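Number of protein chains: 4
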Amino acid sequence: MRNNSYGDNFTITTWGESHGKALGVVIDGCPAGLELYKEDIQMFLDRRKPGGSKYATQRKEGDRAVILSGTLDNVTTGCPISIMVENENQRSRDYSNIANVYRPGHADYTFDEKYGLRDYRGGGRSSGRETIGRVAGGAVAHKILRELGIKIDCYTKSIGKFAITDPKDVHLDEMDNPLNLPNELIAFQAMDYIEECMKNQDSVGGVIECVIHNVPTGIGEPVFNKLDANLAKAMLSIGAVKGFEMGDGFDVARSKGSDNNDEMSYDGGVVFHSNHGGGVLGGISNGQDIVFRAAIKPTPSISRPQHTIDAFNEEIDINITGRHDPVIVPRAVVVVESMAAITLLDLLMDNMTSKMDNLKKIY
Amino acid sequence: MRNNSYGDNFTITTWGESHGKALGVVIDGCPAGLELYKEDIQMFLDRRKPGGSKYATQRKEGDRAVILSGTLDNVTTGCPISIMVENENQRSRDYSNIANVYRPGHADYTFDEKYGLRDYRGGGRSSGRETIGRVAGGAVAHKILRELGIKIDCYTKSIGKFAITDPKDVHLDEMDNPLNLPNELIAFQAMDYIEECMKNQDSVGGVIECVIHNVPTGIGEPVFNKLDANLAKAMLSIGAVKGFEMGDGFDVARSKGSDNNDEMSYDGGVVFHSNHGGGVLGGISNGQDIVFRAAIKPTPSISRPQHTIDAFNEEIDINITGRHDPVIVPRAVVVVESMAAITLLDLLMDNMTSKMDNLKKIY
Amino acid sequence: MRNNSYGDNFTITTWGESHGKALGVVIDGCPAGLELYKEDIQMFLDRRKPGGSKYATQRKEGDRAVILSGTLDNVTTGCPISIMVENENQRSRDYSNIANVYRPGHADYTFDEKYGLRDYRGGGRSSGRETIGRVAGGAVAHKILRELGIKIDCYTKSIGKFAITDPKDVHLDEMDNPLNLPNELIAFQAMDYIEECMKNQDSVGGVIECVIHNVPTGIGEPVFNKLDANLAKAMLSIGAVKGFEMGDGFDVARSKGSDNNDEMSYDGGVVFHSNHGGGVLGGISNGQDIVFRAAIKPTPSISRPQHTIDAFNEEIDINITGRHDPVIVPRAVVVVESMAAITLLDLLMDNMTSKMDNLKKIY
Amino acid sequence: MRNNSYGDNFTITTWGESHGKALGVVIDGCPAGLELYKEDIQMFLDRRKPGGSKYATQRKEGDRAVILSGTLDNVTTGCPISIMVENENQRSRDYSNIANVYRPGHADYTFDEKYGLRDYRGGGRSSGRETIGRVAGGAVAHKILRELGIKIDCYTKSIGKFAITDPKDVHLDEMDNPLNLPNELIAFQAMDYIEECMKNQDSVGGVIECVIHNVPTGIGEPVFNKLDANLAKAMLSIGAVKGFEMGDGFDVARSKGSDNNDEMSYDGGVVFHSNHGGGVLGGISNGQDIVFRAAIKPTPSISRPQHTIDAFNEEIDINITGRHDPVIVPRAVVVVESMAAITLLDLLMDNMTSKMDNLKKIY
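Chains R, Z, U and F supply the protein sequences, listed in that same order. Just so we're aligned, residue 752 is where the first sequence starts under the numbering used here, counting upward by one. Just so we're aligned, residue 752 is where the second sequence starts under the numbering used here, counting upward by one. Just so we're aligned, residue 752 is where the third sequence starts under the numbering used here, counting upward by one. Just so we're aligned, residue 752 is where the fourth sequence starts under the numbering used here, counting upward by one.
Certain hints may be false.
Identical chains share a label here; the pair holds if one copy fits it or two copies do between them.
BS3-like, lysine-lysine: derived pairs with alpha carbons at most 30 Å apart [unchecked claim]:
| # | residue 1 | residue 2 |
| --- | --- | --- |
| 1 | 1112 | 789 |
| 2 | 1112 | 805 |
| 3 | 919 | 1112 |
| 4 | 919 | 789 |
| 5 | 919 | 894 |
FYI, nobody ran anything at the bench for these hints, they're computed from the structure. Computed from a prediction, not measured in an experiment: that's the story for all the values here.
The shape of chain R in the complex, shown without the other chains (with noise of 0.2 Å):
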């Protein structure tokens, strides 16, 4: 499993497993002279906590981040950033009765196919407790973000059919729901319908959409490294993820050319007469708000009976007990938002070098 790494200026590496020691990050290329506290890494893991609402997990997880090296008297050295979160009570539970089940909807059959073994406690390294040092990593993009100006809106936007369609619709001052969902008529009606699910021992999916404000012309790179292209790397890169659209996204594929292209006009400032294209042209930031969405699945652990294998090939029903989210989409949100904080500023990064002129800035 080398690429626990993600990254090539502004570089997270996460390690840990659910049920392990610790879960951490190691942040490198971070720059020299940022105030940076613990409680700007904590408030960010506390939004991926299971909080207290009944559509997530009623599993204590305490999640206090410890920053052990990269700082002095909180400003940033330019040297690695370790993070660590510490798992507690990490050795109480017996797994033998599930270390060699294959869930359906996990990763236990690939990651025994891939490795031969695997850590079959509480999901090993496929937990969703890997995302700790992501969120830790975005934190601190985030910050760096704030400080040249660049804000981001991360909400959900979906839950089952239950959808924001009209961007008029979003209303950030209503976000403050178990569900992150900024509207809170049909954060009401998904909730409704996630009780329902729970009733069915049942979990559903959603959808997160993530706009970026302010962001410089010129970020992203024109071939390869497209910025819709590394956005839709780190959304994919998170577990439940399923598909990514960019603007529009698969709508431009009933969609025409001049209904799809954006036009342009002068009026102090360079005007867009529309976002289809999601705030990039041919990679690259046009100035526009970036807007994307990412797909997020049901959760997989639900307490219906669903039949399966082992490791033996022996087939089996099995009840997943113990406490799971019905819906895994709010807490992605904070995930979706780090990992596209990480991808900007690493394009940021990339992007000082384009011109002579920039190099002749610095030196």
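Starting from the known structure of chain R, arrange chains Z, U and F on it as the hints suggest.
Relative to the frame of chain R, chains Z, U and F by itself:
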């Protein structure tokens, strides 16, 4: 524009502009001992050529591949394979009228913002001709995969609203039409639709689907380099792609866990009851078909008048004359297939060191 | 300070400062199925500890390794292995007098120039304690290599002018001395010399030699990632190393082709008549012993007064007090060995895709 | 043979074999806005040509560079710069007698072991002609550095035992001799020595020194990508290089801390009293001249009979006929200079994100 390379183990580095002297690719990491003829490359390049159909540009593009290095007596030596395609008549035109205009839906504006200048001749590096290097590289990756028993089917799934919605309606023996759409009836409907759009000086989008058969289990790295994450990047790195779906894709957002999980049984081999996941679990291939889709936007070049600005912030209406494809989808099929082949092969190589047993098989 | 990672396939990412909370490493790309105990790591870490000899700092460094992830029941799982060593008493000292002074031979000035600030506590990231992560990573690489039958001998070859000049004088069974110098007589002479320097408040340098036995042929990539090129980088990346030699090294400059070429014959196996090349031809291992050397500079921290400036450009004379090694060489032996093991293993993995035949052995 | 790329930010990807159709390089990451003429490239390539001196092969190598992409009207566009040199008369010879013989000192045996086959025509990829791509890339890096005020002096320091030992004896105005050795007297002695060796059908080695002036402080990353570590790799990646020294190099092993530390004072600017370190502290440039050396082995091709084996393990004595340089050193000077320029520029780009202040200068 660093980042004209793709792939960590099997790496393509592409170069060249639409109307420069030549375009090409350097393929690094191709194992020694593969039979390789220039015809292997040419066959792939011919699939992306306009061809002569009326749904594609009437430009004449010879696009003859030359292998400049990396083989001896038509066998690869392990050394980098350099492939070049010379541009014909590349200096014949006067670009003075478009050199400073920002065409809607094109990367003209963003290149100027990023680099302070751009190669305006035929779109320069942001032209679709940039994919020549990808396709030449894909031809080699494809051949290696075939030697390992892996087979790729890639085709147009929809043009506008005319779509193959049931997998049973994919008839690969009916794919020999100008749209590369494997269903004669739907292809005819789609062609009518395109012609209507052409009359209106407009262009259309569509969806490409790719199915990869016989992929070994265990391919894909479980955190950032998931098979689906890397495919997503590969797809969004193609100029006109705006969306990516793995397996059920965005439909998972409206699905339930009990429907979406692929149950398993054993019948002399592992059997999955369904393939909502598209052949991956936790980013790792599970032995099922790999299934994904890419959404392609309508050709941005349309001959209708469009409003835009020039490099001096003057507003103008432009008519893009010249010969342009009314639809990119059919010619992009081989690009999607090429990027898929490279991505899969690259991860297949990564996976060779996943187990101590593998090291002991080689050493 | 991006670039705290080393290795493409077997990758270490190190973090931590001399007097921060902890130091550590994340090892990515370790194959699954390797037995690994914390004692494997500790044994290597203990070799870089001051030990108690009078030729090393009298600081007490416990340096207890904890494995935080990546193993289950003492077997590697293919997931990243995070290893941490906590710093003891890290906050005990007053640094106000050296925080702004640039010690000659140290990186104080350059860190300040590069980052605008630095962690002045004990040298921060530029301290020799930075190598803890390398050595922990090297312990794992070393164990994998041993499983493949590869053996590394690494030792002090010279201290000052006291050198083993004839390979026959390398007696590995005489290496158990404070200098890790495998010749009792020369070791005693060198110890006398060091003591004399200590009396003069001075420090000394030396040369480390490394010999790797039983390396398969074919390891190393023929252009930029030559085995010797990567070893050279590995060595010069160690703080005090100022020179690198492969095989005959600088002596080749005064040699002739007829002397320097290693002739071959066959005697049931390929036999080289000599090993001037150090076991590589064209950057690729030829089956002979890999032989290289690294030159280590004298410890820059000496208690004699030295002239320098501070951060305000004021000139001062400083006396560096405290406990410092009069010679770095003996403790650097295990660092050289660790970096060599990582470098070799990394290229050994690279080589697994050199031939189509190898792919077919795995798939 | 993946790894035909060098550099993370300013990247060269080289390709081509000695007697294939062509050799070349793709330069990725060159900033837009640099004036670049093919003469800039040619001037560097001409420096590596045999030239006509009797100390170099009498082969006629035209080596005309063509820029195929990446510039418009002789200004770089930020797109990859592809440069090609066609091989002339590449198919004219019969290789049947050497195709299966392993020449001592050459990579014939190791290529066969690694790949199972090799391009035996003129050494294939292991030929010195492989450096054509490096030199073309170096020419571009060099031009960028010059724009930033950085200047590189590179020259032959010794041939055999005939060496410039005192830096004061380096007279750059006396460098216009066939050996590129900047001291007329020593150059003449060395030429006599080479001629004597030629009479004995033998070859000689030497040392190249490189001094880089006016490097800003702060270049080089403090752990693995130290400026000296990357230079060491760059040098050892050149075919015939067997040793590398930074500053005092191997002499530090016999030095003492009080001698080796470079003391500092301030006189309107920071002044170092000496430069034993070669311009780096902790891997980071300190504003002094960067000084390093590379040891070059004698040409392995000599016409004396040598004992070796063939691919069928038969022992034979071979005479390598044809025209070969009796000494590689003079022609390698421009290769060393090129690799140094690329290495320095690459790290100079890396350093642009070291501080938050730098990000704010660009955005």
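Hint-by-hint comparison with the structure:
no.	hint	verdict
1	1112 / 789	between (33 Å within a copy, 27 Å between copies)
2	1112 / 805	neither (53 Å within a copy, 47 Å between copies)
3	919 / 1112	neither (41 Å within a copy, 36 Å between copies)
4	919 / 789	neither (36 Å within a copy, 55 Å between copies)
5	919 / 894	within (28 Å within a copy, 50 Å between copies)
The structure does not agree with the numbered hints 2, 3 and 4 stated previously, though it agrees with the rest.
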